[in-house]
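Number of protein chains: 2
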Amino acid sequence: MTGRTEPSYRTARRAGPAPVAVDTMGGDHGPDEIITGAVAAVREHGVRLVLVGQAPRIRARLDRLGMAGKIPIVHADEALSMDEGALASWRKPRSSVAIACHLVKQGRASALVSAGTTAGVVATARLRLKGQQGVMRPAIAVTLPTRPRPTVLLDAGATADVKPETLVQFAAFGTAYAQVRLGLARPRVGLLNIGAEPGKGDKVTKRAYELLAGGQPGIEFAGNVEGDGLLSGAVDVVVTDGFTGNVALKTLEGAMRMASAEVRAALTATRTARVGALLQRRRLLGLRERFDSETYGGGVLLGLNGTVVIAHGASHARAIASACALAHDLAAGRIVEKVREQVAAIRTSRFGRWTHGDRDDKDKAAEPPAEPSAPDAGGDEPTAKAPGEEGPTAAGEGGRHELVAEGQEPPARP
Amino acid sequence: MTGRTEPSYRTARRAGPAPVAVDTMGGDHGPDEIITGAVAAVREHGVRLVLVGQAPRIRARLDRLGMAGKIPIVHADEALSMDEGALASWRKPRSSVAIACHLVKQGRASALVSAGTTAGVVATARLRLKGQQGVMRPAIAVTLPTRPRPTVLLDAGATADVKPETLVQFAAFGTAYAQVRLGLARPRVGLLNIGAEPGKGDKVTKRAYELLAGGQPGIEFAGNVEGDGLLSGAVDVVVTDGFTGNVALKTLEGAMRMASAEVRAALTATRTARVGALLQRRRLLGLRERFDSETYGGGVLLGLNGTVVIAHGASHARAIASACALAHDLAAGRIVEKVREQVAAIRTSRFGRWTHGDRDDKDKAAEPPAEPSAPDAGGDEPTAKAPGEEGPTAAGEGGRHELVAEGQEPPARP
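Residue numbers (full-length UniProt numbering), protein chains in the order written: chain A, 1 to 414; chain B, 1 to 414.
No lab work stands behind these hints: they were computed from the structure. Please note that the accuracy of each hint is not assured.
[Claimed, not checked] Have a look at the derived ranges for each label pair, beta carbon to beta carbon:
{"id": "1", "chain 1": "B", "residue 1": "P198", "chain 2": "A", "residue 2": "A196", "range": "32 to 42 Å"}
{"id": "2", "chain 1": "A", "residue 1": "R43", "chain 2": "B", "residue 2": "R149", "range": "41 to 51 Å"}
{"id": "3", "chain 1": "A", "residue 1": "G183", "chain 2": "B", "residue 2": "E210", "range": "41 to 51 Å"}
Note that beta-carbon positions come from the ideal geometry of N, C-alpha and C, so glycine has one too.
With the sequences and hints as input, model every part of the structure.
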């Protein structure tokens, strides 16, 4: 049954651009909530979808929502449970996420939306879609609801251990993403750091600063930003590793929750304050909700051969609908191609081994003659350690250190 | 003139325990604000102080506050300016911070308070006070105003690059600090991470988890906590590296500012909301102020041979007074000794090179015979790379990677 395509889907496929594949099995609220959100995306945003999951259940739900037979379904028997991590991508090759990835890989879907666990979705997507040519590691981009315009933060948790060159690539991802999603011609990119001046930070961040400040084609580098700069709107894109980015994002979430609790405490403490307080409280809760839906609701995994939108596990129907619309917009904006072009443009030579722009210059002579000739100029070294070929290494679980690639430690294959 | 002691100070010294040295030259608001705060500490908290800085100016200010001749003064010609970083500790050996450190080292002061730049104060203190025996790197502890009781976060920015063993030592620092400051017998220690389960995180954090979960004498390890756990009060102490800790803390600050701005916007948007809103706004601003004064207002540098309280540069008199009281309480609680005992107790053997508790067992045989014999059992390896002996490496500027000590890369001395 796995991967069997409904007749309606075959028909729909011929009618126009590929639809967005929705994994109906992830999320804390069960398939019904996700299907409700998917239907809203079709009705309100006009997005074309294909639903992946247990076909009878999806059919029953569509029936109740008056959409029977109107959205194509691809059956998948298995689901990644919410407590499964990266290894699940190996254990469950027929999970709904894996099958959705398969549809994207085959070109039968343009993008994929899942509300599964970040670790599970990232690992499965890396394994099934593989890393884009020249990309060292994938990153999750989230959009923070800052004013006057939003700020893109990446990596929010896909790659915990990075090299300086990885951060430069993330700057390229972020530039492409802000161009497509926010419509900015030259988004300003900041490096998350512990001081504004050059020379601040840990070893990796310092070197990344040098590489970025040295000038990278297509990247408008605006220097270091500190933690409070995440929300100030001073830059359009903030780049950091997946460990720091994840901690910062969850700290924000915790702070919003704390602020809401304080307002609630004030509300119950003073009776006279109630009427006015209500309005403010609504605004603050709105702020918190904006964080929840716009950040977690739409984390986008970049750097793979396909667009993957990771909705927060706690997403309700509305957040799922937004995630579907986002996936559609990103696919229509050709985000995968934009990322590829942006990454190919950057120069981050390191000991002459890691080459893009300067490959044809000094580094050619240093290459061992026995090396198989690369079919194109994308740089074979990064391809050789493309994420998808390394097994499940996402979001902490089973993740290995970047330095492994330099032979400092033998990798422990799962 | 430098270091010259006023007669009143000599007299005061004999009268009882050593006073707290206050650097009057740091901070954004100038010496007068700091001296005002110091006077408040004397009057309201009964703390004994010695003021370090330009004696004529201090005298004039004390005169105006009606305290002429009542607080001892030690003259210092120079000051670290607010834009100076770690190198200033070398360039200005007679800065007010350096002289305050000198007083602590000589036992003429019990602790030190400065509102200078974090980088400058940390570097000067490391250079002048040196690291405690057995301590790899210092850390800054801040106390977050969570409910029902506060949470200690460390490191908030002293050491950007850490080893797993450094994080275990920070757990020991944090335990001692929570015991002295919060009066907890067995504070619960969490490791800041990107997932709650074991096996999450970057390479360093994963290994630190193993070391902590393996059991460390005196440390009550409660597992991983995520970014939102910083504010949930689930643990008493949260341990992380200085890069992540600094980013998390500043992100919190930014989030509080954003929440305040939202409330302010609600206030101006609806006229009917004003009366009630005012109360809430006050509460939220209070929350923000609590963050500013209790966290930045009292960051404590741990791991050196002396207690250093780093007040936020923007501290007003009230925050300075709190910082003086905190410094006094920590010195009275023998925090330096408590940290030493806690660090000496932990076991973090790594490749047989890094030893405390198990020094007398298997590792003895592995030691090279030519090694100079350590006078006591505190572990000579950590002492050999004590922070103070490495020059200015604090808070990013001039800081070198921990891995240098393992010979992976030649250190670039400043």
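Hint-by-hint comparison with the structure:
1. B:P198 x A:A196: 32 to 42 Å: 36 Å, holds
2. A:R43 x B:R149: 41 to 51 Å: 49 Å, holds
3. A:G183 x B:E210: 41 to 51 Å: 46 Å, holds
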